[in-house]
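Asker: Sequence:
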Amino acid sequence: MNGVKINVALLKNAFDPNFKPINLLKEGEFQRIGLYDQGSFHCADSISCSSEIKGSLALSMVFDRSGSMLFDINRNTGEIRADAAKEAGISFVNKLSDEDNLSILSFANDVSIDKPWSKKNQNPTAVNTINSIYSRINGRTAFYAALIKAIDETKKQTATKKAIIALTDGVNNIEPDVQAVYNAISTSGTLPIYIVALGFDPQEPGITEALDNMKEITKRSNGKFFTVQNAAELTAVYDQLSTEVKSEECCTVYFNDIAPCDTSKADTIRTATIYFMDNGSVKTKDITYKTPCKKLLAGMRMRDLDPTYSSIQKPIHILRINNASQFAVSIPQHAKGEVVIELYDVNGVMIGEVYKRTHKAGKHEIPLTIKGIGRGYYRAVIRVNGTMIHQLPVEVVQ
Numbered sequence: 000m001n002g003v004k005i006n007v008a009l010l011k012n013a014f015d016p017n018f019k020p021i022n023l024l025k026e027g028e029f030q031r032i033g034l035y036d037q038g039s040f041h042c043a044d045s046i047s048c049s050s051e052i053k054g055s056l057a058l059s060m061v062f063d064r065s066g067s068m069l070f071d072i073n074r075n076t077g078e079i080r081a082d083a084a085k086e087a088g089i090s091f092v093n094k095l096s097d098e099d100n101l102s103i104l105s106f107a108n109d110v111s112i113d114k115p116w117s118k119k120n121q122n123p124t125a126v127n128t129i130n131s132i133y134s135r136i137n138g139r140t141a142f143y144a145a146l147i148k149a150i151d152e153t154k155k156q157t158a159t160k161k162a163i164i165a166l167t168d169g170v171n172n173i174e175p176d177v178q179a180v181y182n183a184i185s186t187s188g189t190l191p192i193y194i195v196a197l198g199f200d201p202q203e204p205g206i207t208e209a210l211d212n213m214k215e216i217t218k219r220s221n222g223k224f225f226t227v228q229n230a231a232e233l234t235a236v237y238d239q240l241s242t243e244v245k246s247e248e249c250c251t252v253y254f255n256d257i258a259p260c261d262t263s264k265a266d267t268i269r270t271a272t273i274y275f276m277d278n279g280s281v282k283t284k285d286i287t288y289k290t291p292c293k294k295l296l297a298g299m300r301m302r303d304l305d306p307t308y309s310s311i312q313k314p315i316h317i318l319r320i321n322n323a324s325q326f327a328v329s330i331p332q333h334a335k336g337e338v339v340i341e342l343y344d345v346n347g348v349m350i351g352e353v354y355k356r357t358h359k360a361g362k363h364e365i366p367l368t369i370k371g372i373g374r375g376y377y378r379a380v381i382r383v384n385g386t387m388i389h390q391l392p393v394e395v396v397q
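Under numbering that gives the first Met the number 0, the first residue of the sequence shown carries the number 0, and numbering increases by one thereafter.
In case anyone wonders, no lab produced these hints; they're calculated from the structure. Careful: at least some of the hints might be erroneous.
[As the list claims (entries may be wrong)] Here are the simulated SDA-like cross-link-like pairs (lysine to any residue), alpha carbons at most 25 Å apart as the crow flies:
| no. | residue 1 | residue 2 |
| --- | --- | --- |
| 1 | Lys214 | Thr251 |
| 2 | Lys355 | Arg382 |
| 3 | Lys214 | Ala196 |
| 4 | Lys223 | Glu174 |
| 5 | Lys148 | Thr226 |
| 6 | Lys359 | Glu337 |
| 7 | Lys218 | Ser47 |
None of these values were measured; they are calculated from a predicted model.
Model the full structure from these sequences, guided by the hints.
Answerer: Shown next, in the form of structure tokens:
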């Protein structure tokens, strides 16, 4: 079987300095993605998102050791916040790889780096560090200062993936204010911050504003925000984060019907255009890639780019039509049988069959007229005896 796979992302906030990019592609949306390659248009066959990133991890863990960590998580559980944080934190670090790089910070009146960047089992070990933090609980809540320190330390790392996980049980009550955190995020690159709010009661004064600030921090950093009210929830959140911190904002899209590469060469350099149907418009991206002939699926990656290669790239061919006006559809070479043309909207939902007739073997130009179709982009699929032989993008202009 022939085929290629490409790693793609449709990014929101890609050029907004106040927010981190968010991938809008979702599982199951492959019907909206196409590839124009070597003179032919191809629709995607499948998509896979949230794959685990391969490579090194640099992770900062931030723990609250203020005096309120000696309180119950809430009035109903009887569980001490410090005990729950210690148990969840130790469970988390035990799931890390021996090769992951880890830094542990804590805060109360001040911020301390309790474990400088090192592997989890290097001295001081991660487990011993967390135990030590919760043997010295006292003071106020310098949460924002701790986040800024973690950002400054983590962004210097050269790992493939970087992240910050911060736990707090109270309102920040020591300078700086939250704007200083936003400023630090704006210079941090793609560094997600995950915040776990432990035992917060929204009915208490100042809590709603504090929670809103935390949500905004995670939004701007493309992280996540969690609220937990018992020890089991806290452990579950850290379990989830043990895999999430290694995930990437990217999807792999598979095209199974791409023509084979040139088998007389070790690699074949190609140019192609990716397009994405989105709310009545088409987003396009030109790419250059190499296909190793030895592989079933050839990965199209930025590191495969050949800077010495240049060629005039053919634009995507989109069949533009008008309602109630006749146009022609070219049917490629095919066997004798029933030819059906189906029309799909941008979400991959079939609108209906616009043509159905038996033909002799060969190539054909079929005249068609479509009425009552709204302006926008569609996909035409041509089948012979039930098997798809061709597909092409269609734009209804009026």
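Asker: Against each hint, give a clear statement of whether it holds in the structure.
Answerer: Here's how the hints hold up against the structure:
no. : hint            : result
1   : Lys214 / Thr251 : violated, 29 Å
2   : Lys355 / Arg382 : holds, 9 Å
3   : Lys214 / Ala196 : holds, 10 Å
4   : Lys223 / Glu174 : holds, 24 Å
5   : Lys148 / Thr226 : holds, 23 Å
6   : Lys359 / Glu337 : holds, 9 Å
7   : Lys218 / Ser47  : holds, 24 Å
Violated hint: 1 only; the structure is consistent with all others.
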